[in-house]
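Number of protein chains: 4
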Amino acid sequence: MTQVFINGARDELNVQEHDSLDPSVQELIRAAAEARKQAYCPYSNFAVGAALRTSDGSIYTGCNIENGAYAASICAERTAAVKAISEGKRDFVACAVVAQQDNGFTTPCGVCRQFLSEFVNGKDIPLYAAQPSNLPLRVLCTSVLQLLPNGFRFLNGK
Amino acid sequence: MTQVFINGARDELNVQEHDSLDPSVQELIRAAAEARKQAYCPYSNFAVGAALRTSDGSIYTGCNIENGAYAASICAERTAAVKAISEGKRDFVACAVVAQQDNGFTTPCGVCRQFLSEFVNGKDIPLYAAQPSNLPLRVLCTSVLQLLPNGFRFLNGK
Amino acid sequence: MTQVFINGARDELNVQEHDSLDPSVQELIRAAAEARKQAYCPYSNFAVGAALRTSDGSIYTGCNIENGAYAASICAERTAAVKAISEGKRDFVACAVVAQQDNGFTTPCGVCRQFLSEFVNGKDIPLYAAQPSNLPLRVLCTSVLQLLPNGFRFLNGK
Amino acid sequence: MTQVFINGARDELNVQEHDSLDPSVQELIRAAAEARKQAYCPYSNFAVGAALRTSDGSIYTGCNIENGAYAASICAERTAAVKAISEGKRDFVACAVVAQQDNGFTTPCGVCRQFLSEFVNGKDIPLYAAQPSNLPLRVLCTSVLQLLPNGFRFLNGK
Ligand SMILES: [Zn+2]
Ligand SMILES: [Zn+2]
Ligand SMILES: [Zn+2]
Ligand SMILES: [Zn+2]
Numbered sequence: 001m002t003q004v005f006i007n008g009a010r011d012e013l014n015v016q017e018h019d020s021l022d023p024s025v026q027e028l029i030r031a032a033a034e035a036r037k038q039a040y041c042p043y044s045n046f047a048v049g050a051a052l053r054t055s056d057g058s059i060y061t062g063c064n065i066e067n068g069a070y071a072a073s074i075c076a077e078r079t080a081a082v083k084a085i086s087e088g089k090r091d092f093v094a095c096a097v098v099a100q101q102d103n104g105f106t107t108p109c110g111v112c113r114q115f116l117s118e119f120v121n122g123k124d125i126p127l128y129a130a131q132p133s134n135l136p137l138r139v140l141c142t143s144v145l146q147l148l149p150n151g152f153r154f155l156n157g158k
Numbered sequence: 001m002t003q004v005f006i007n008g009a010r011d012e013l014n015v016q017e018h019d020s021l022d023p024s025v026q027e028l029i030r031a032a033a034e035a036r037k038q039a040y041c042p043y044s045n046f047a048v049g050a051a052l053r054t055s056d057g058s059i060y061t062g063c064n065i066e067n068g069a070y071a072a073s074i075c076a077e078r079t080a081a082v083k084a085i086s087e088g089k090r091d092f093v094a095c096a097v098v099a100q101q102d103n104g105f106t107t108p109c110g111v112c113r114q115f116l117s118e119f120v121n122g123k124d125i126p127l128y129a130a131q132p133s134n135l136p137l138r139v140l141c142t143s144v145l146q147l148l149p150n151g152f153r154f155l156n157g158k
Numbered sequence: 001m002t003q004v005f006i007n008g009a010r011d012e013l014n015v016q017e018h019d020s021l022d023p024s025v026q027e028l029i030r031a032a033a034e035a036r037k038q039a040y041c042p043y044s045n046f047a048v049g050a051a052l053r054t055s056d057g058s059i060y061t062g063c064n065i066e067n068g069a070y071a072a073s074i075c076a077e078r079t080a081a082v083k084a085i086s087e088g089k090r091d092f093v094a095c096a097v098v099a100q101q102d103n104g105f106t107t108p109c110g111v112c113r114q115f116l117s118e119f120v121n122g123k124d125i126p127l128y129a130a131q132p133s134n135l136p137l138r139v140l141c142t143s144v145l146q147l148l149p150n151g152f153r154f155l156n157g158k
Numbered sequence: 001m002t003q004v005f006i007n008g009a010r011d012e013l014n015v016q017e018h019d020s021l022d023p024s025v026q027e028l029i030r031a032a033a034e035a036r037k038q039a040y041c042p043y044s045n046f047a048v049g050a051a052l053r054t055s056d057g058s059i060y061t062g063c064n065i066e067n068g069a070y071a072a073s074i075c076a077e078r079t080a081a082v083k084a085i086s087e088g089k090r091d092f093v094a095c096a097v098v099a100q101q102d103n104g105f106t107t108p109c110g111v112c113r114q115f116l117s118e119f120v121n122g123k124d125i126p127l128y129a130a131q132p133s134n135l136p137l138r139v140l141c142t143s144v145l146q147l148l149p150n151g152f153r154f155l156n157g158k
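Protein chains in written order, with UniProt numbering: chain U, 1 to 158; chain A, 1 to 158; chain W, 1 to 158; chain F, 1 to 158.
Looking at chain U on its own, in the form it has when it is part of the complex (with noise of 0.2 Å):
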């Protein structure tokens, strides 16, 4: 556990040396480097991956896309998720984002985080976000639920 100041919020954060990671953690964060190439970012150049596992073992990565109507855009996160879920996986065990911030870790957007917040069934999503360029590489170890905290769910709609 170590103190640090992410993006101007004060929180206890687990900030990991990459190499003490889990293997499996490990390679999902490599997952999303590589699906980080792929990022259609024109208008902003900021470019990033995400990668997610589902409970079968497989990973689902993605890429963000943006739109010159900047509200049209799909951040990485929701483009490796909707891969997922559209192929019948709905059933997530980690997550990984990736991108070059020089000020902190890149975390997802509260879109994202509301998307994902969706997803979780009763047991919540280990999320790790890496900067691809930074060594030694450090990986802040959080959740979709701590991120999304008393997240908003509609119950009355299923």
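Warning: the hint list may mix true and false statements.
Which chain U residues stay away from chain F? Per the calculated CB distances, all over 10 Å, these [stated by the list, open to error]:
1. Val25
2. Glu27
3. Lys37
4. Tyr40
5. Gly57
6. Pro126
7. Leu147
In the BS3-like style, the derived pairs of lysine-lysine whose C-alpha atoms are separated by at most 30 Å in a straight line are [what the hints assert, rightly or not]:
8. Lys89(F) - Lys89(W)
9. Lys123(A) - Lys37(U)
10. Lys89(W) - Lys37(F)
11. Lys89(W) - Lys123(W)
12. Lys89(U) - Lys37(A)
13. Lys89(A) - Lys37(U)
14. Lys37(A) - Lys123(U)
15. Lys89(W) - Lys123(F)
16. Lys123(A) - Lys89(U)
17. Lys123(U) - Lys89(U)
18. Lys37(W) - Lys123(F)
19. Lys37(F) - Lys123(W)
Worth flagging that the hints you see were computed from the coordinates, not collected in a lab.
We put the beta carbon where it would ideally sit given N, CA and C, even for glycine.
Assemble the complex: chain U is given as a structure, and chains A, W and F with the ligands must be docked to it using the hints.
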């Protein structure tokens, strides 16, 4: 060409018999209908499937995936598109959408039209909208640019 | 009627001199240009203003408001619309959009077309797109239904 | 401080009696409850109201406004926010949200948390979530940064 009313808008629409369409288009529609089965739509109970063919002949499919926060939902067309784009395929040559509304064909929403239009490069993308259960199966034959005339593009931004 | 190219799409567009338009339309365009000054667009540096007139003669205005997570951005047209709707006014009779792109008129994005089309009840909404600085000022005269032909509506849902 | 379960997430939440809150907060909650009456929610039948106070003491209110294409819907919190911002007020000092779900408080969705966090400048924004009909009225007292810990910001982009 048949003069019909679609969702309240009068237009000259090219509605054709399914069996008269090119076999590659029929294949795309079948792929969309199959993808529809994975829809996650507990709020609307309205399942949509989509399929995109890329210039190398591949087919990418998607379904709609809803969220308790409705604004975070992603449609079938965008699910299919981000799957292709995240695999490095941005050159779409045809799109099919399948859903069942009694009052007419289900066309892509404005968000999806905007999203797809980003990847219309010089040439248009034919789009086929079909209903899964109305026999004999008829198909609305249109295109992304027909559905988003004078589309918004942010050319300053690139 | 003038045949022009707008954002790469050829169409019969009704482009008119500003001074030839109805004074109420000129007033709406001025309101949109004024609202544009409040735009929050640090990411695109692309300011847009919009104005909606409701059936009681009121004008509601909006600007675009961006977010670091691009997908969470809201356009000028929707800003104007939610202001009116949240005040109990849903009966729109005209819309104006003002922005500056050198290559042509800035029309509403697909998200906004979809949003506005929800409130087209039986009759269409005229839409005027103007550039603030190209003199003599010319205005693209179109409508919500022209910009979203065969629009998506979810009639099962109500 | 009370230990409660909200939407499945365990947390130390500050749930207080309505009558014990500062009169300015009570006024904000009443404004949100009043704004809720304008909700346009034919798809979910789930009405939400929101109110934002700006540093000059003004209150801006909003309701949720849905769309047949769910993704194009806009929540009450964002409606209130864009109203203020488009009037030149970006300095929010408090936010209230009012809705009725039997299983707990209705908090802002991730999209709204992301949207509001853009306007947290150095200081946090207190946020009050209330249910209109559960008496004696209790209020969840939290904040934008508590609801979006380690929030995504795109600092390269400005
Ligand atoms: Zn995101
Ligand atoms: Zn759509
Ligand atoms: Zn727009
Ligand atoms: Zn929301």
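Here is how each hint holds up against the structure:
no.: 1; hint: Val25; result: holds, 18 Å
no.: 2; hint: Glu27; result: holds, 24 Å
no.: 3; hint: Lys37; result: holds, 18 Å
no.: 4; hint: Tyr40; result: holds, 16 Å
no.: 5; hint: Gly57; result: holds, 26 Å
no.: 6; hint: Pro126; result: holds, 14 Å
no.: 7; hint: Leu147; result: violated, 6 Å
no.: 8; hint: Lys89(F) - Lys89(W); result: holds, 22 Å
no.: 9; hint: Lys123(A) - Lys37(U); result: holds, 26 Å
no.: 10; hint: Lys89(W) - Lys37(F); result: holds, 13 Å
no.: 11; hint: Lys89(W) - Lys123(W); result: holds, 16 Å
no.: 12; hint: Lys89(U) - Lys37(A); result: holds, 13 Å
no.: 13; hint: Lys89(A) - Lys37(U); result: holds, 13 Å
no.: 14; hint: Lys37(A) - Lys123(U); result: holds, 26 Å
no.: 15; hint: Lys89(W) - Lys123(F); result: violated, 35 Å
no.: 16; hint: Lys123(A) - Lys89(U); result: violated, 35 Å
no.: 17; hint: Lys123(U) - Lys89(U); result: holds, 16 Å
no.: 18; hint: Lys37(W) - Lys123(F); result: holds, 26 Å
no.: 19; hint: Lys37(F) - Lys123(W); result: holds, 26 Å
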